[in-house]
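Asks: For reference, the chains in residue letters:
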Amino acid sequence: MGLLSLGTPMHWDEAKKHAHHVRTHGIIQFLNLWEATKDSQKDCLLWGDEVEYMVVSFDEETKRARLSLRVWEILQVLAKQEEDAKLDPTNKQLVDSSWHPEFGRYMLEGTPGQPYMGLPRDLLAVERNMKLRRELARKYMKPNEVPITLTSYPRLGCAGECLDPHYKPHGPAARSLFLPDEVINAHARFPTLAANIRRRRGSKVAINMPIFHDKNTPKPFIDPTIPTFDDYPEDKNAIEQGAALPDHIYMDAMAFGMGCSCLQITFQAVNVEEARKIYDQMATLGPIMLALTAAAPIYRGYLSDVDCRWNVIAQSVDDRTEEERGLKPLKDNKYRIPKSRYDSIDSYISNDPNNKPEYNDIPLIYDKDIYKKLSDNGIDDLLARHISHLFIRDPLVIFHELLNVDDNESTDHFENLQSTNWQTMRFKPPPSKTSPIGWRVEFRSMEVQLTDFENAAFAIFIVLVTRAVLSFNTNFYIPISKVDENMKVAHHRNAVLGEKFHFRKQIFPQSRPGTPATGTPSGSPRVSHATLPHLNRPAGQSQSEEYELMTIDEIINGKPSVGFPGLLGLVNNYLNTLNVDIETRCEISKYLELIKKRANGTLMTAASWMRQFVQNHPEYKQDSVVSEKINYDLMKTVEKINKGEVQVPELLGNFTV
Amino acid sequence: MTAVQAPEGFHSAVHGAVHATNGKQGSSPRSRTAPVAFALEPFSHLTLYTGNTMRTGTTGLLNTTQKKSNQELVSAVEDTLNYSLETAHISGTHITIADQDARGPLDSDRAKYDITVKLFFLSPAGVSTALSVQHVDEALGHLDAVLHATDLVIDHFILAIPNQSFDENELDDAELEAFAQEVQQLYLPVWKRLSDLRTGGRIGRLGVTEFSKQQLVILKEAALAVGAVAPEIDQVNLHDCCVLPKELIEYAKAEGIELLTHGDTINILPKSTLATLLQPHLPVASELSLSPNFVLKYSAVLGGRGLITRKGYIVDAVAA
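Residue numbers (UniProt numbering), protein chains in the order written: chain A, 1 to 657; chain B, 1 to 320.
Bound conformation, chain A alone (with noise of 0.2 Å):
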């Protein structure tokens, strides 16, 4: 288990001063590693996911749900527990999983102990081992603790006892007026890395949600539920100093983004180049699964009027000065940064011939030096200005220890601000020179879902999609500030159903001129285009033609009638040409009938299912306060449906989670 490694970390005062050092053997490091993986091959698809769990901490006496902190130890435990099975085959099953710390004191990461590989009947291991997961996570909790697969916490930060044991907030490493630095996992990386993202940004990270009017809640809304501490000089009055805005949910730790779960994808490319391309393509649709897995309405007790938790982890961990921020005149900064350390992907890194270079329409802050030195080791344009893109950060977190490494042996360096860049995809190189790993790609936009079902449903259908593009050579490519339009549509209250969101209209590679018969009829062709105007784009049309808003229904479910068969399209034109045994191919059907139905609206979402469960709960005051007690039935309701004691067809239809 990779309990991260141990060290001494440097305040951010004296990591200021080795950050040149860290990025110029980061290079270095990338580029030894590159030279030695750039022409690797692999034959298979390797996959895994990540799902992050929260242990929820019931109290049934006075009716109180809290986070429990004391997920190191369950951890240890699992460790322990991973290391001796691996001694004794007869549990094999702790080797089915791996364990990781997160953030979050209350928060655990379980992965699949080995990547899934073959396709289609690996797929139907996803389930049974998020499961699996699941409960060996369970078996190393107390009685009245749950695993909980929940994106945002309602309740984290309300005052009150909303942590198990309970700590009073404004500890020095997050000078928090809500939550105390114990929420913060105890591993010396995680304080330090709050801490000094807050020294770096010269204040308190500053998280500000839109809150949900609601019949009774006030207008303008002023949290009076704010406390004032006499610590320090940002305590006094978060409102008036204008940390915290009228009509919004104020946040002001990392805990409150980084505290959150999600629902994470890894692939393994054969080579660098599929690897580049999977990237772009999916890229694209870091918004349209944000939107579709939209898990997180709910910040400190309150109903927002956001629906997904991306934007406040962008918050959370914004280590931009003022002077980045565009708030100041450059001074003692180098760039302005229109965007924090987490947030969408800036710019498309493939060669492939579709990626045109107007699709690359922001423009790109990277390090002339570090581009410079990546071209002159022959480094492409395109990897070259992602490399020196992602290097224009600070390493957050360096450890004394390791300061002086071998740049031929370690990637250290290179990963400290590989790994500190949260994008919507991450491009990842192999760990190392002697790795048996190849090139990955990450997808990391997703909101962790309430049951292993959906889970599993929308892992499946991530890799089902990126085999349907490989096989299909798709073109999803549209003006990347496009894909950033529609990540803030994303987080709009019902967006999966209420807003449209750009996508290319014309997917397939265009060798033809004029699309294909579409929707023909069976049996009946239809009259020949041969000596018909051709359909599709002459010479010179514009690029905003090449793209259009769409539904999430049109994007997910196709549009028929204009030849667009929608990504659920692609993927059953994908598997109905494999051989599928039909148990596969029946239970394959069921995570695509989900998947579908989330889409079309026949199913909620889980944000809009929790919004309604708290505007149903008889507690309710319909002025957007999720209580105590709404807050510990939801949580109730959340572990209910998961052992199947509670039927929620608006969310799960009929199926059987």
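Just so you know, these hints were derived from the structure itself, not from any lab. Even for Gly, the Cβ is constructed at its ideal location relative to N, Cα and C. What you were told as hints is all true, and nothing was included just to trick you.
Pair by pair, the computed Cβ-Cβ distance ranges are:
#1 A/LYS597 x B/GLU175: 38 to 46 Å
#2 A/ILE437 x B/LEU176: 53 to 61 Å
#3 B/ALA254 x A/GLU415: 47 to 55 Å
A short list of chain B residues far from chain A (calculated; beta carbon distances all over 12 Å):
#4 HIS94
#5 SER128
#6 ALA130
#7 HIS135
#8 GLU170
#9 ASP173
#10 GLU175
#11 PHE179
#12 VAL183
#13 ASP196
#14 LEU216
Once you've looked at the hints, dock chain B against the given chain A.
Replies: Just chain B now, kept in the frame of chain A:
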């Protein structure tokens, strides 16, 4: 390869003159605005190799709400007629139309691929003629020609007999007897030939489509009686696959028969459909009402990566 050159290894049935028309050469766009010079020839034998339907958009654009469809084949044939007619090879009254982009060897080692072939025998409803062993050999020859291979090993081979549709109801004694007779008289020679290919290593697993349990039993008995192998695959329609009769599932498990899914219609290329497809391009041949002998569907999948790299159809039709 340029459009007018006679490709190497072209199927042996096609000799002689190569028609180059319109003076158009090279690849895309290959659309045609004028009829080909031979449009009005009375061809009595048509062979057609479609493009790679994974790359022409044909497969990706299918409407998946249809549980059974021949839309892929129809679109692929239409596409081939639209873009590859000019490069047709003509030998007497036999015309061979081939999408040249779809031809060529597999990109990687053969061992990395899972190759599946489904051979549809077609005959008009109500006409009972024995399936032709010669058609099997011709079809496989065409496949070798498309993939520039010699005696290509086929991992999964599925035989689709004419007008066979899955019937979950029990057959009565008379129906059983009738089916046993059909197997003996119409299908067994072809099955024996396929079985020999299976035994000889040319075919990996051999199967049928749309068979009920009782029909599988009958085929097995008949096959074993002549020293042929029993079916190892039964391909059933997607629509039925979640409600398959238990007896079939149990029998398949006991016999080691793979139950696979498919989405093809029963009669994948009715004569009238072919005529309609040909009409705008080869009106005289269309009027001759060519009757399809067989349709071969093939796919090549890089198993480890889950990638479909090649998929296409081979159609062979003659004037009755």
